[in-house]
Amino acid sequence: MFAQMTDSLDFHSKALVVRAERQRVIASNIANADTPGYIARDVNFRETMAAATGSSGLPTTARMSSGTSNSRHIPLASSTGELGGSSSLAYAPQTQPSMDGNSVDLDRERSNFVDNAVRYESTLRFINGHAKTILSAIQGQ
116 MFAQMTDSLD FHSKALVVRA ERQRVIASNI ANADTPGYIA RDVNFRETMA AATGSSGLPT
176 TARMSSGTSN SRHIPLASST GELGGSSSLA YAPQTQPSMD GNSVDLDRER SNFVDNAVRY
236 ESTLRFINGH AKTILSAIQG Q
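Quick note, this note's numbering runs 115 ahead of the 1-based positions in the sequence shown.
Hints listed in this document are in silico derivations from the structure and should not be mistaken for laboratory results.
Between beta-carbon pairs, the in silico distance windows are: (1) Leu221 with Ala135: 17 to 27 Å; (2) Thr248 with Gly169: 24 to 34 Å; (3) Val229 with Arg161: 14 to 24 Å; (4) Asp149 with Ala246: 41 to 51 Å; (5) Leu250 with Ala146: 35 to 45 Å; (6) Leu250 with Leu131: 15 to 25 Å; (7) Asp222 with Met120: 38 to 48 Å; (8) Ala146 with Phe117: 40 to 50 Å; (9) Gln256 with Arg234: 23 to 33 Å; (10) Ala252 with Phe126: 16 to 26 Å.
Calculated lysine to aspartate or glutamate pairs in the DMTMM-like style (CA-CA distance at most 20 Å, straight line): (11) Lys129 with Asp157; (12) Lys247 with Asp125; (13) Lys129 with Asp230; (14) Lys129 with Glu236; (15) Lys247 with Glu236; (16) Lys247 with Asp122.
In this text, a Cβ means the ideal position worked out from N, Cα and C, and glycines have one as well.
Required output: the full structure, derived from the provided sequences and hints.
In structure tokens form, the structure reads like this:
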């Protein structure tokens, strides 16, 4: 029974780590918006969470590394950030061409940054609410 109570917290704590890693990558993209030749990166949340939780229920196409169309293609190098190299870090698609080869779209990156921050905060609020519920149950309130 205790394992059932902590499984949800474990999942959400891993989601927080993935969200924090994605926030770091997006911030790096924004910081390098004026760097010639810089190619924007992004973390695939679904693949990274599947790897972090050990679930293998993803379809074959989702298990392939982002940016590959065939399982025999060489996968992209993964990040060595907080996730210890298990993140699905891939190049973000370029939406508009630029003369200097930089693929960062500031509007898209800002949008991703805000979306990820809201999702991070909602996960954090869920964990906080769950912890308060467990604490009140222990105290008998």
